[in-house]
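First to last, the protein sequences are chains B and V.
Position 4 (the first sequence) corresponds to 980 in our numbering; numbering is contiguous.
Position 183 (the second sequence) corresponds to 184 in our numbering; numbering is contiguous.
Simulated from the structure, these hints should not be mistaken for laboratory data.
Hints may be right or wrong, so weigh each one.
No farther apart than 27 Å at their CA atoms in a straight line, the calculated lysine-lysine pairs in the DSS-like style are these [unchecked claim]:
#1 B:LYS1058 x B:LYS1147
#2 B:LYS1180 x B:LYS1039
#3 B:LYS1058 x B:LYS990
#4 B:LYS1099 x B:LYS1081
#5 B:LYS990 x V:LYS279
#6 B:LYS1216 x B:LYS1180
#7 B:LYS1039 x B:LYS1099
#8 B:LYS1039 x V:LYS76
#9 B:LYS1081 x B:LYS1102
#10 B:LYS1200 x B:LYS1180
#11 B:LYS1058 x B:LYS1123
#12 V:LYS279 x B:LYS1058
#13 V:LYS279 x B:LYS1180
#14 V:LYS11 x B:LYS1147
#15 B:LYS1200 x B:LYS1039
#16 B:LYS1081 x B:LYS1123
#17 B:LYS1102 x B:LYS1039
#18 V:LYS11 x B:LYS1123
#19 V:LYS11 x B:LYS1081
#20 B:LYS1180 x B:LYS990
#21 B:LYS1200 x B:LYS1216
Simulated DEER-style distance windows between Cβ atoms [claimed, not checked]:
#22 V:ARG280 x B:ALA1197: 43 to 53 Å
#23 B:ASP1135 x V:LEU14: 39 to 49 Å
#24 B:ARG1256 x V:ASP281: 48 to 58 Å
#25 B:GLU1272 x V:LEU14: 37 to 47 Å
#26 V:PRO222 x B:LYS1099: 58 to 68 Å
#27 V:ASP281 x B:ARG1231: 32 to 42 Å
#28 V:LEU26 x B:GLY1153: 30 to 40 Å
#29 B:PRO1002 x V:GLY125: 41 to 51 Å
#30 V:GLY125 x B:GLY1153: 32 to 42 Å
#31 B:GLY1032 x V:LEU14: 28 to 38 Å
#32 B:ASP1056 x V:GLY137: 47 to 57 Å
Even glycine gets a Cβ: it sits at the ideal position worked out from N, Cα and C.
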Amino acid sequence: MIEVRGLTKRYGDKVAVDGLSFGIEPGKVTGFLGPNGAGKTTTMRLILELDYPDAGSITVGGKRYRDLAYPMREVGALLDAKSVHGGRSAYNHLLCLAQTNNLPKRRVAEVLELVGMSAVARKRSKGFSLGMSQRLGIAATLLGDPKVVMFDEPVNGLDPEGILWIRNLMKTLAAEGRTVFVSSHLMSEMENTADHLIVVGRGKLIADCTMAEFIARSSGAAVKVRTPAPDALVLAIAAKGGQASADADGTLVVRGLATDQVGDIAFEQGIRVHELTMVRASLEEAFMELTGDSVEYRAGIPAASVPVGPGTSGSGV
Amino acid sequence: MTTSPASSGKLPLSTLPSASGRASLGGALRSEWTKIRSVRSTYWTLIALLVVSIGLDALISAASSSHLQSHPADKVGFDSTQVSLFAFAFLGQLILAVLGGMVITAEYSTGMIRTSLSVQPRRGTLYVAKAMVFAGVALVVSFFTSFVAFFLGQALLSSSGMNASLSGPGVLRAVVGTALVVTLVGMFAFGLGAIFRHTAATIATAIGMMFVVPIIINLLPDNWRIEVVRWLPSSALDRISATIPGANPHMFGPWGQFAVTAAWAVAALVAGIILFRKRDA
Ligand SMILES: Nc1ncnc2c1ncn2[C@@H]1O[C@H](COP(=O)(O)OP(=O)(O)OP(=O)(O)O)[C@@H](O)[C@H]1O
Ligand SMILES: [Mg+2]
Chain B
977 MIEVRGLTKR YGDKVAVDGL SFGIEPGKVT GFLGPNGAGK TTTMRLILEL
1027 DYPDAGSITV GGKRYRDLAY PMREVGALLD AKSVHGGRSA YNHLLCLAQT
1077 NNLPKRRVAE VLELVGMSAV ARKRSKGFSL GMSQRLGIAA TLLGDPKVVM
1127 FDEPVNGLDP EGILWIRNLM KTLAAEGRTV FVSSHLMSEM ENTADHLIVV
1177 GRGKLIADCT MAEFIARSSG AAVKVRTPAP DALVLAIAAK GGQASADADG
1227 TLVVRGLATD QVGDIAFEQG IRVHELTMVR ASLEEAFMEL TGDSVEYRAG
1277 IPAASVPVGP GTSGSGV
Chain V
2 MTTSPASSGK LPLSTLPSAS GRASLGGALR SEWTKIRSVR STYWTLIALL
52 VVSIGLDALI SAASSSHLQS HPADKVGFDS TQVSLFAFAF LGQLILAVLG
102 GMVITAEYST GMIRTSLSVQ PRRGTLYVAK AMVFAGVALV VSFFTSFVAF
152 FLGQALLSSS GMNASLSGPG VLRAVVGTAL VVTLVGMFAF GLGAIFRHTA
202 ATIATAIGMM FVVPIIINLL PDNWRIEVVR WLPSSALDRI SATIPGANPH
252 MFGPWGQFAV TAAWAVAALV AGIILFRKRD A
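Pulled out of the complex, with its shape left as it was, chain B reads as follows (with noise of 0.2 Å):
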């Protein structure tokens, strides 16, 4: 549905956005990750034509941005929760987006039911929660029933059951057969949700592959074994040809065996075994290890002294 050929972006000295393509197809959520200045949101603005490309070309539906007939009937992007008037109520701001397209009045009401905002459709936007401005945005991209969906970082400052409520749209979305085209930097939130992946670091392309994949290329994948004979363990890997090594708690972490060969070797050694478990690279160890190179913006606390967990990963503002 969306097709970027060779997009390339430069503010100033900077490239935002360097020699980008890849396309994004229906029926699932893609998931549009990098770090810090990546040139997520600015790929996002190019799509939209909100800023122009030095370089490269967009289509949405084989058509450039500007010649679509019905933009919301196609594209349905929220950017910036915060990019409303806020003198104005949630119902006539979205009557005046769907004013633009032809859209029928119904429809207003219709989606702002849908975001359960109803209640406050006459309240001027100034005083929303951001949970709130990110629902009123949302309402907004569906004024049109577009064919594909574009957020950027929808769930950033949402409590948990908006998260939640996010993640089963953007799901529903997919379902419908619509493209759906997310960023985040929540990994966690993004492994749930997202089936393929398009990975930018400093404006250029690190990977369009499956979720599965994406984990795969990761060296994270291991097994653990609790065993009262680690020593033994250990030389009986070697020999087959793992790499063991032991934990601070004496657990071992075997790397180049699958579980049920682990277990093999331990049963032929007579090696009792405690624990047995496959460890799965989570899609953060994947992010962290693939786009390590091309972080731009780092702090200057040693990576080691900062502990690597859901929500350490900042998310930018």
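Fit chain V with the ligands to the known structure of chain B by using the hints.
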């Protein structure tokens, strides 16, 4: 907050009627009308325009009337039409310039422009619709204000016997022309708004062009000043609101000065649309 969970299945939305044609000026005009009538700043600005113009013009007319009654000699060369339109011409243009500029700069200060352009990427359509809706509002309000200020002023001047009637020479031209030029100043500011995309810069430039530049020009040596002054956007109001031929022979006629201001407005609007289409939003 209640949610309609979209956990599975289809979204609870009705099917849209199928579309023909394309998003164009009609929809953009309806949208811009909704925009301008749905924010309070529009009403505050227009109320300020009415109150300041009509109120001050009434005060000026009443004061002039009593002055003329005590100093009958001053009736010579007294232009009661111009007097009754003075505050509207002088301050009304400023208030409409603020509204005209803000119609476009508020899109930028709020970030709404990103949403507006993503639903209507044909920027020329958006710009023209915005300009037309503002021009329409400005025109209606200006005509209303101009006529009310005139009639009220003449009623207050009637005790001096100096009250003008619409059928008097040049009077209708003055009342209509003043409304038109005030609207043009608003359009000029609209264009500046598209150029600067920043409210303070737009209003400062509009005030500069309408109020400060004429003062500076007045400081120039006479032979320069008289050549320059008729080319200023600010010179039309004084000329077009007058029913007694002005003392300055170097000015164009009322409609000539009108054309000068119109040219400034068109220049600003054209520069505005070129930049609006070409720049990153
Ligand atoms: N209008 C602009 N003027 C100058 N530089 C810009 C502009 N917009 C973006 N940039 C620069 O382009 C680069 C890409 O920015 P962009 O916002 O697209 O990144 P991002 O991937 O969305 O980052 P984040 O995850 O922090 O949101 C950054 O280095 C940014 O500073
Ligand atoms: Mg971003």
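For each hint, the structure was consulted:
1. B:LYS1058 x B:LYS1147: Between B:LYS1058 and B:LYS1147 the Cα gap is close to 24 Å, so the pair holds against 27 Å.
2. B:LYS1180 x B:LYS1039: holds (24 Å)
3. B:LYS1058 x B:LYS990: holds (26 Å)
4. B:LYS1099 x B:LYS1081: holds (18 Å)
5. B:LYS990 x V:LYS279: Distance of about 20 Å is within 27 Å: holds.
6. B:LYS1216 x B:LYS1180: violated (40 Å)
7. B:LYS1039 x B:LYS1099: Given that 27 Å is the threshold and the Cα spacing comes to 37 Å, the pair is violated.
8. B:LYS1039 x V:LYS76: The hint is violated at about 70 Å.
9. B:LYS1081 x B:LYS1102: Roughly 23 Å separates the two Cα atoms, so the pair holds.
10. B:LYS1200 x B:LYS1180: Between B:LYS1200 and B:LYS1180 the Cα gap is close to 35 Å, so the pair fails against 27 Å, i.e. violated.
11. B:LYS1058 x B:LYS1123: With Cα atoms ~23 Å apart, B:LYS1058 and B:LYS1123 stay inside 27 Å; holds.
12. V:LYS279 x B:LYS1058: Measuring from Cα to Cα gives roughly 24 Å; hence the hint holds.
13. V:LYS279 x B:LYS1180: Holds: V:LYS279 and B:LYS1180 sit about 26 Å apart, inside 27 Å.
14. V:LYS11 x B:LYS1147: Between V:LYS11 and B:LYS1147 the Cα gap is close to 10 Å, so the pair holds against 27 Å.
15. B:LYS1200 x B:LYS1039: Judged against 27 Å, a Cα distance of about 51 Å means the pair is violated.
16. B:LYS1081 x B:LYS1123: holds (20 Å)
17. B:LYS1102 x B:LYS1039: violated (35 Å)
18. V:LYS11 x B:LYS1123: holds (14 Å)
19. V:LYS11 x B:LYS1081: holds (21 Å)
20. B:LYS1180 x B:LYS990: OK: B:LYS1180 and B:LYS990 at ~13 Å, within 27 Å.
21. B:LYS1200 x B:LYS1216: holds (16 Å)
22. V:ARG280 x B:ALA1197: 43 to 53 Å: The hinted range 43 to 53 Å holds for V:ARG280 and B:ALA1197, with Cβ atoms some 49 Å apart.
23. B:ASP1135 x V:LEU14: 39 to 49 Å: violated (24 Å)
24. B:ARG1256 x V:ASP281: 48 to 58 Å: Since B:ARG1256 and V:ASP281 have Cβ atoms about 42 Å apart, the given range 48 to 58 Å is violated.
25. B:GLU1272 x V:LEU14: 37 to 47 Å: holds (41 Å)
26. V:PRO222 x B:LYS1099: 58 to 68 Å: The hinted range 58 to 68 Å holds for V:PRO222 and B:LYS1099, with Cβ atoms some 60 Å apart.
27. V:ASP281 x B:ARG1231: 32 to 42 Å: violated (48 Å)
28. V:LEU26 x B:GLY1153: 30 to 40 Å: holds (32 Å)
29. B:PRO1002 x V:GLY125: 41 to 51 Å: violated (31 Å)
30. V:GLY125 x B:GLY1153: 32 to 42 Å: Given about 34 Å between the Cβ atoms, the range holds.
31. B:GLY1032 x V:LEU14: 28 to 38 Å: At 34 Å between Cβs, range holds.
32. B:ASP1056 x V:GLY137: 47 to 57 Å: violated (31 Å)
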